[in-house]
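Chains as they are written, first to last, in our numbering: chain D, 98 to 732; chain G, 175 to 927.
Any given hint could turn out to be false.
[To be verified] Pairs of lysine to aspartate or glutamate, EDC-like flavour, derived with a Cα cap of 20 Å:
no.	chain 1	residue 1	chain 2	residue 2
1	G	Lys324	D	Glu644
2	G	Lys321	D	Asp663
3	G	Lys351	G	Asp289
4	G	Lys287	D	Asp541
5	G	Lys321	D	Glu319
6	D	Lys633	D	Glu601
7	D	Lys614	D	Asp541
8	D	Lys300	G	Asp619
9	G	Lys255	D	Asp541
10	G	Lys262	D	Asp534
11	D	Lys638	G	Asp842
12	G	Lys307	D	Glu644
13	D	Lys326	D	Asp420
14	G	Lys406	G	Glu832
15	G	Lys586	D	Asp116
16	G	Lys325	D	Asp116
17	G	Lys262	D	Asp323
18	G	Lys327	D	Glu562
19	G	Lys518	D	Glu319
Think of the hints as simulated: they come from the structure by calculation, not from any bench.
Remember, predicted model here, so these are calculated numbers, not experimental data.
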Amino acid sequence: MAAKIIQGNNKKFKKVKLDLVTLDLIENALKNARWEMDAVLFRTAMSPGIREQHDEFPMIANNDGKMVVGQFGSFIYGFIEGYEGTIEEGDIFLTNDPYSCRGAISHLPDWLVLQPIFKDHRVIAWSAMFGHMTDVGGKVPGSLPVDSNQIYEEGIMIPPTKIYKKGKLNSEILELILHNCRLPEWNRADFNALIAALRIAEKRCIEIADRFGDDYFIEAMEQMLDRNKRAMSAIIGMFVPEKKAYFEDYICDDGIGMGPYKVACTLHRDKNGVAVFDFEGTDPQSMSSVNFMLNEEMFKMFLGAFTINIFDPQILFNDGFYDLVDVRIPAGTILKPMKPASLSSRTHMLGRIFDIMGGLLGQGAPDALNAAGFSDSPHFMYSGYDKHGEWFQLYQIGFGGIPGRPVGDGPDGHSLWPSFTNVPNEFLEAYFPLRIDTYESIADSGGAGLHRGGNGIRLGYRFLEPGEISIHDDRWLTYPWGVNGGTPGGRSNKILRRADGTEELMPAKKDHIKVEKDDVLFFNTWGGGGWGDPFKRPAEKVAKDVERGLVSFDGAKRYGVVLNKDGSVDNDETEKLRKKLSDERGDVKLFDFGFTSIDELKARCKEETSFDPPKAPVFQKWHQVAAQKLREAAE
Amino acid sequence: MSYRLGVDVGGTFTDLLLVDEKTGETKTAKVPSTPDDSSRGVLNGIEKVCAEAGVDPKEITNVMHGTTVATNTVLTNAGAKVGLITTKGFGQVLQIARSFVPGGLGGWVIFNKTDPLAPLECTIEAEERIGTKGDIVSPIDLDDLEKKLKKLKGKYDIEALTISFINSFANGAHEVKARKLAQKIFTDIPISISSEVIPEMQEYERTETTVVNSYIRPVVSKYMRNLHKETKKRMKDVQLHVLRSDGGLSSVESAENAPVNLLMSGPAGGVAGAIWIAEKAGYKNLLTFDMGGTSTDVALVQNSSPLKRRETRVADVTVRASSIDVRTCGAGGGSIAYSPELTKSLRVGPQSAGAVPGPAAYAKGGEEPTVTDANVALGYLPSSSKLGGDMVIDSNLAKKSVEKIASAMDLKVMNAAEGIYNIVNENMFGALRLVSVEQGHDPRDFALIAFGGAGPLHANALGKLTGSWPVIIPPGPGVLCAYGDATTRVRNEASRSFIRTFPQTSDKEVNKILKELAERSAKELDAEGVSRKDQTTTYEIDVRYHGQGLVLTIETDAKKFAKGGLSAVAKEFDKMHEQMYTFALDHDQELVNLRAIQQGKPTKVKAERVGKGSGEPKEAVIESTNVFVDGKNRKAKIYDRSLLKSGHSIPGPAIVTEMDSTTLILPDHVGKVDGFGNILINPSKSSGKSTSSSRTSKSKTSKRKAAKKKAPKRKVAKKVAKKKIAKKKVAKKKAPKRKVASKKSKKSKSRKR
């Protein structure tokens, strides 16, 4: 059953003729409104995850719920379809349950608020926003338990709920929710901030409609969608060949001993000009929380973001082109897990999707192909009681190397996510019992190439109070691949140096690690893959990287560059070495994954990483049964 | 007799304003700028203005100077080779920066990061550590540092050195020690330390700010010293002052030490001048709108005081330095219009045709359609030879360039030109919104004052978008900045981070720090010869809710703070937070930064007056022309501004020309000339409600009514709507704004517990 939208005014919008310039004016105004939503949220939110790192996504949709401005695509249609009840003026909905909104948000810490925007008692638009809460309860501080088996272990689940009913806050429900969180004051402030952002969008949409007329406003959004469709249709024609391309990539493990998990995907353009992504062959869902429930619409949006930027970066990509893309994800796989699968640690797979998309599209247009990047947002969490007996809890996102790209070297220690920033270290020290011993990029962690991959980051946390930490990262086993001759970037690792000086390597995904005062954790992220033939990178550039400490003296040899003691280039030796290495290598490969097969990779796992190789993931009986039922129901 | 002199160096002209200190009488002069060494132009100007006024340069006691030398050093990458010393483990603080990649999802695909202004190879790390509260975790190892410094000196030709250690905002002792050592090794280059330049939290921003300071220091220093020396030669006891980004004046010495405070010196002069002239016209609440060739600067002025911001941005360099909150958008006369083939939309800027080749209409080889070309095609910028001037304006070339857009979008040329005009206005409207609505100000409570070469051409249209009336077009946009320079007060500030929740500190403790800061700040003014009795002190306290990221700045002074203490600050903060973000919280407030601002007394300057006239100034009409507005050709008259007198009234559509700018008055609007030669544009009475774009204004009234009737369900929405209506009603009476606000805040204080 679908929701019933109750309007005080059911007058239909008039079809009007809109000139192109007014269309651009309205597009601009909506763009401003969307940025303003961000600004309000950043200023008023409290958790460092949102206010400093900007882990949030705003959206404005048209009266039908199609996204016209935003980044993650619209889930409003799905929400309306799935919600059983009325939607009225002044209602604002809150949810964090991926299973209730087809994965529009993909784990419980992401709180999504959405509201219909009424003007003169008619729905003229929708606004929505979600942000990552530092904690939503559950079995581990930060609410991202790696080893949880069911979503019920991951915190409070909120189905789509009228948190404001006809303009009135349902404070009892809000209090009930907050009561289940470890840092209720942060959640409350972040919730308020999300609502404030929605109100800004509401205010701006009403102003725009006032200025140009309601019918013009509606028509403009319609045309923005159309415009996108036309543009994407051309892009798909250029980028996506009719011949099937195949690509696969992995997340390394699931934190409970299984992996790597393969994501397989084919891409081709069908007779109708539709780009078909088919994830047949993807590994089964995990019994831990690394599942990523990939919303098909969101995936389409990623595709739009990836490609449309190249042609008109000022355009607001939107839902308009959805019909041009067909995404097929088999149920019961790690990308479409069956309830009640855990989902909290989906970040690794979410990031990896971008590498997969890049790898697929790049085969149709190798000139535009990027290497594998920092396709993740690794998490670090630290909690405990400080010397005043107060609870502290930190959730922080790490960054690594942007890959080598056609336009140039990848920046060191940067974010692939839009508007994300680091947490200033002085801020960390002021608000948490931490001292940061080191904050620098890791030399040689960027893949070698004509364009160097960016380096990962070494962040040394010195703990000043006993407590517990969690580490969530990936690419400790597989590599960020290089392209067009570029070599893979370096893997990640984590080293815990105890106060007595002993060191232990920590696995990539682990909760409840006890730490004591003056223990130091080195959280080392991975680099980006290299782009293009490293032996063609100007030797002076390599020498400069060495002088700057971004590439080591020996690391220069990966580029076939030999340096003199004073750091200058030894031209003769360099020429010789480059010739030798280049002969040994032969032709450049389109992709360099750093391994020949998973078995080969696993065989050297222990030696290279000190950890036993993970076991191959297997399908569970109930997943298969549940998935089969779902397919039958669909048919 | 004694005189003061305001000097503004612009891209084309250097403007000077000579003020008789006793009577306030003024004399102006204009000379060509000398971009290769702008001090020459200044000196030429001084000679000229003195000769014309019959004043001996020796009688000039104070020279106030607004300069773009700091800005240009950044824009042209002409700064020094900077060395950097950081705490061990943080040498790549600028390389990693804030990990931020601009653009949306997928923006990383096309982002190329620029190298840090202090190259990594010229960065060394010191063994030392200070804790977050200023405690010394490990003392600085000077022997080790000495070795590293010597190596650095031996290897690189460093022209300026920066020291920025972790947590030095809390304790700068190690930076001071490191500087003492470095001075022995680098004997002849300037050394900037972060705890002095900007003792505030956040290592990247503090380091970047201090490095930028080093980067521009040698260039600014050289310019200042040169100018100082030359002026001293001509004027015996002259005091040279430089306009700072925050709109205050500083001495040559502090300008040389902290040039990072001068990055907005140029725009600040314009804003100060706008404030001064608008005040004469009777307006204290302003949106300033300065549109030049490549960009537009806007700012908000409340009660004759510009909003400030703790951040200054020049190109992609952002530093923590107080400046007038000037927002820049990449829209100017030279901005290029284009239509991406794939989306067939109309985009204007940020690419600019620059001075070379410039707009197509200038016939210097430009072919791309620019905003200026649109203005020429539409007839707003007349190409008639009768208007004189050296600039060629070729209307055919302009139309030819716009034709490109027209054919790409399947429009008629004139409609395409009007499209360009409208889109660029929309972009600038976006910038005006940033300083107004987004900070909780309703632009309809403000007048819009326009200057810069292209400002007066677009001001009337911007007035329509913002609803800010009147639109004020002051005479002589160049000399306006010189007025600004001459009327500015000597100013200095001292600040520090002091991060405590309110319960963690006391009125007494905060008061003590504020007093210390005031004393530090006052000493600088003493040095500039401002006696203590002429100095006034104000305090600024940056506050947030504990745990929040933003800070809001609360202004107070010694008396107010003694009376109300932190609890009064807390109240004001709650009120402000609610005004801006629609809610207040029941959290502890937290102090972030404390600042004391010391100012000298204001100067008396008389504005030049124009003679009296009345009605439509027939005698000022140069000729008739056609302008294309709202899709139609209309007859318009062109007026000579120099012949306009007080009381004259110009019905739109009309064009008013003067030497360095052209004003457009739109249909249904009227421009009235006031006693100081300002043109005040308002919607004409017959048109009434022209607060919005003309097409929709028809439906406007009924909509407003509907809005009133509609009973908004949500509390806050109701208040906002009410406030709007209330404001509409009282706008004419100019009801005191504060009342409305406080009423609103009292009612809506729905604190959550």
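Now for the hints, and whether the structure bears them out:
Proximity of Lys324 of chain G to Glu644 of chain D is assessed by CA-CA distance (about 17 Å); at most 20 Å being required, the pair is judged to hold. For the proposed pair Lys321 of chain G and Asp663 of chain D, the alpha carbon gap of about 18 Å is at most 20 Å, so the pair holds. As the CA atoms of Lys351 of chain G and Asp289 of chain G are separated by approximately 29 Å, the hinted pair breaks the 20 Å bound. Only pairs whose Cα atoms come within 20 Å are accepted, and Lys287 of chain G paired with Asp541 of chain D is accepted, the gap being roughly 19 Å.
Taken as a hint, the Lys321 of chain G and Glu319 of chain D pair is broken in the structure, with Cα atoms around 67 Å apart against an allowance of 20 Å. A hinted pair counts as satisfied when its Cα atoms are at most 20 Å apart, and Lys633 of chain D with Glu601 of chain D does not qualify at roughly 39 Å. Pair hint Lys614 of chain D plus Asp541 of chain D does not hold up; C-alpha atoms about 31 Å apart against a cutoff of 20 Å. Distance check on the hinted pair: Lys300 of chain D and Asp619 of chain G sit about 18 Å apart at the alpha-carbon level, within 20 Å; holds.
Taking the CA atoms of Lys255 of chain G and Asp541 of chain D, the gap is about 26 Å. The hint is violated against a cut of 20 Å. For the given pair, Lys262 of chain G sits about 8 Å from Asp534 of chain D by alpha-carbon distance, which is consistent with the 20 Å threshold. Distance check on the hinted pair: Lys638 of chain D and Asp842 of chain G sit about 62 Å apart at the alpha-carbon level, beyond 20 Å; violated. Taking the CA atoms of Lys307 of chain G and Glu644 of chain D, the gap is about 35 Å. The hint is violated against a cut of 20 Å.
Distance hint between Lys326 of chain D and Asp420 of chain D is fulfilled; the C-alpha atoms sit about 8 Å from each other, no more than 20 Å. For the suggested pair Lys406 of chain G and Glu832 of chain G, the alpha carbons sit about 35 Å apart, so the restraint of at most 20 Å is broken. Between Lys586 of chain G and Asp116 of chain D, the direct Cα distance comes to roughly 12 Å. Compliance with the 20 Å bound is thereby established for this hinted pair. Restraint check for Lys325 of chain G and Asp116 of chain D: the C-alpha separation of about 66 Å exceeds 20 Å, so the hint is violated.
Between Lys262 of chain G and Asp323 of chain D the CA atoms are separated by roughly 55 Å; this puts the pair beyond 20 Å, and the hint is violated. At most 20 Å may separate the alpha-carbon atoms for a hinted pair to count; Lys327 of chain G and Glu562 of chain D exceed this at roughly 41 Å. For the given pair, Lys518 of chain G sits about 15 Å from Glu319 of chain D by alpha-carbon distance, which is consistent with the 20 Å threshold.
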